[in-house]
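Engineer: Top to bottom, those sequences are chains A and B. Going letter by letter, the first sequence gives residues 45 to 290 in the numbering used here. Going letter by letter, the second sequence gives residues 69 to 275 in the numbering used here.
Please note that a few of the clues may not be correct.
Beta-carbon label-pair distances, calculated as ranges [what the hints assert, rightly or not]:
(1) A:Ala92 to B:Gly91: 15 to 23 Å
(2) B:Ala120 to A:Asp183: 27 to 35 Å
(3) B:Pro82 to A:Arg195: 24 to 32 Å
(4) B:Asp101 to A:Asp132: 18 to 26 Å
Part of the chain A face toward chain B, derived, beta carbon under 7 Å [said to hold, decoys possible]:
(5) Leu49
(6) Ala122
(7) Glu123
(8) Pro128
(9) Tyr129
(10) Val133
(11) Gly137
(12) Asp138
(13) Gly148
(14) Trp197
(15) Asp198
(16) Thr261
(17) Ile281
(18) Thr283
It is worth saying that the hints were derived from the structure and are not from the lab. Since the structure is predicted, the reported quantities are computational estimates derived from the model, not experimental observations. In this text, a Cβ means the ideal position worked out from N, Cα and C, and glycines have one as well.
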Amino acid sequence: MPSQLLEWKIATVAQIRDETSEVKSFSLLVPEWRTHRPGQHVDVRLSAPDGYQAQRSYSIASAPGPDGRVDLTVERIAEGEVSPYFHDVLVTGDEVEVRGPIGGYFVWEPAFGGPLLLIAGGSGVVPLMAILRERAAADVAASATLLYSSRNWDDVIYREELDRLATTDDRLRILHTLTRAQPPGWTGFARRIDRPMLEEALDGLGSQPLTYICGPTLLVEAAANGLVELGVDPGRIRTERFGPTS
Amino acid sequence: MTGRFVSRGFLGRPRDTDADRAGRIPPGQYLTDGFPVLSAGPTPQIPLGQWAFTIEGLVRAPVRWSWEQFLALPARDWTVDISCVTKWTKLDTRWHGVSVDDLLAAVELDPRAQFVTAHSFGGYTTNLPLTDVVNNQAFVAYQYDSAPLEPAHGGPARLVVPHLYFWKSAKWVRGLRLIEEDEPGFWESLGYHNRGDPWREERYSGD
């Protein structure tokens with residue numbers, strides 16, 4: 045990334061969508077937005093009347109586009125400070141300060157190709173969704189598998205869109221695991237990510253897929269260490285780990 | 069700063085009225101009691117028998133310590149506040165390790181040495197001015213909270229430079245290289261600030 049000042053910009057909330065009971069997506073229109081790369085994030089800053097400010101980082105969910113629109117998908121953290129503001133206060137037409145795009149390593153672009161192995165836990169799916177959306181928009185031929193761990197079926201973010209992407213693209217596989225409860229007739233995985241699950245995710249991707257893992261620390265550790273034990277070159281594995289972003 | 073922008077309906081958390089704590093949280097940071105883990109790739113698993121720490125580059129003769137030799141170096145407890153560029157700050161973290169001063173005392177520095185590159189198992193690097201790691205400002209830690217440092221947090225040993233954003237505190241550190249001209253490390257080459265002082269909010273290149 046060239047040495048350019050990342051200026052705070054005042055974005056306008058253009059649209060708000062419910063993803064799950066605890067997760068919403070916010071479409072922001074950012075003036076003079078420098079096109080991002082899938083996987084990057086933005087910093088958000090809230091300012092109180094007394095000058096107090098709070099900042100958080102949120103992954104960009106949308107594929108890069110020409111129109112200065114940036115979608116953030118934000119999970120509501122009960123004890124949080126910024127995410128409850130997004131969920132409970134923001135309405136369309138409101139303004140929010142953002143700067144970005146930020147991050148130059150946990151990124152993918154069509155020229156990187158594949159095969160792609162994407163592993164997500166909870167809202168860790170957000171930057172991976174930007175990758176899948178860009179892969180679809182750019183019609184990239186490389187095969188891809190998303191292994192996505194959620195607690196319950198109703199916690200699966202982007203569920204319909206992921207279904208749609210997978211049914212229209214036979215080079216894309218989506219594997220869900222539901223760790224807490226499963227709907228009747230569930231045939232997917234029903235446990236935390238483990239080695240047999242990683243072996244199945246690797247199936248059809250060759251031995252050295254380009255791998256992106258995002259989620260809570262324990263999931264990322266388990267997935268990354270498991271893949272290294274299965275012979276994937278650590279240099280092919282990019283990780284983003286977080287506790288809840290409040 | 070963008071002038072007087074105010075977020076509609078935002079009041080923020082109750083301000084931390086504990087003057088001591090409030091004065092220790094850099095701008096844009098929030099307090100956490102947890103210890104988040106951030107790294108760019110898998111956690112390297114480093115058998116202690118293969119671990120070594122090296123000081124090389126602009127020194128009269130490089131020096132190398134095995135794990136046993138490193139544990140025999142003078143070490144002390146450190147209690148420091150740490151701030152990650154991802155916005156969390158953690159107060160009073162307790163470490164045990166060796167001052168970089170004591171490591172550098174084992175070599176004779178070439179007077180041209182101005183900068184340090186910390187190298188890690190797994191290939192990570194970060195750059196620091198020599199002036200930021202001397203005078204007991206930095207140490208190589210191998211215990212956290214009186215227990216061996218966990219691999220996810222950088223064990224067997226990590227550099228800790230508490231007065232800079234925590235990406236400068238290289239996990240899985242395996243050595244320091246003294247150099248004359250500054251060379252950006254991993255994150256410094258990817259848009260993050262070259263120095264990373266939390267009190268000046270030096271997060272990204274250009275800040």
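Engineer: Closer than 7 Å between Cβ atoms is the bar; does Asp138 (chain A) clear it against chain B? Give me holds or violated.
Structural biologist: holds (6 Å)
Engineer: When the nearest CB of chain B is found for Pro128 (chain A), is that gap smaller than 7 Å?
Structural biologist: violated (10 Å)
Engineer: Look at the Cβ atoms of Ala92 (chain A) and Gly91 (chain B) and judge whether their distance stays inside 15 to 23 Å.
Structural biologist: About 19 Å separates the Cβ atoms of Ala92 (chain A) and Gly91 (chain B), which means 15 to 23 Å holds.
Engineer: Quick check on the hint: Gly148 (chain A) CB to chain B CB, less than 7 Å?
Structural biologist: Cβ of Gly148 (chain A) sits 3 Å from chain B, so the hint holds.
Engineer: Given Leu49 (chain A) as an interface hint, is the shortest Cβ-Cβ distance to chain B below 7 Å?
Structural biologist: Holds, about 4 Å.
Engineer: Go through the hint on Thr261 (chain A) and say holds or violated, using the shortest Cβ distance to chain B against 7 Å.
Structural biologist: This interface hint holds because 4 Å falls under the 7 Å limit.
Engineer: Against chain B, is Val133 (chain A) within 7 Å by beta-carbon distance?
Structural biologist: Because about 4 Å separates Val133 (chain A) from the closest Cβ in chain B, which is inside the 7 Å limit, the hint holds.
Engineer: So, as I understand it, the hint says Trp197 (chain A) touches chain B; can you test that by seeing if any CB pair is closer than 7 Å?
Structural biologist: violated (28 Å)
Engineer: Honestly, do Ala120 (chain B) and Asp183 (chain A) meet the 27 to 35 Å range at C-beta?
Structural biologist: violated (49 Å)
Engineer: So, Ala122 (chain A) near chain B? Judge it on the closest CB pair being under 7 Å.
Structural biologist: violated (13 Å)
Engineer: Does the interface hint hold: is Tyr129 (chain A) within less than 7 Å of chain B, judged Cβ to Cβ?
Structural biologist: At 6 Å from the nearest chain B Cβ, Tyr129 (chain A) passes the 7 Å test, so the hint holds.
Engineer: Is the distance from the Cβ of Asp101 (chain B) to the Cβ of Asp132 (chain A) consistent with 18 to 26 Å?
Structural biologist: holds (24 Å)
Checked against the numbered hints above, the structure violates hints 2, 6, 7, 8, 11, 14, 15; every other hint is satisfied.
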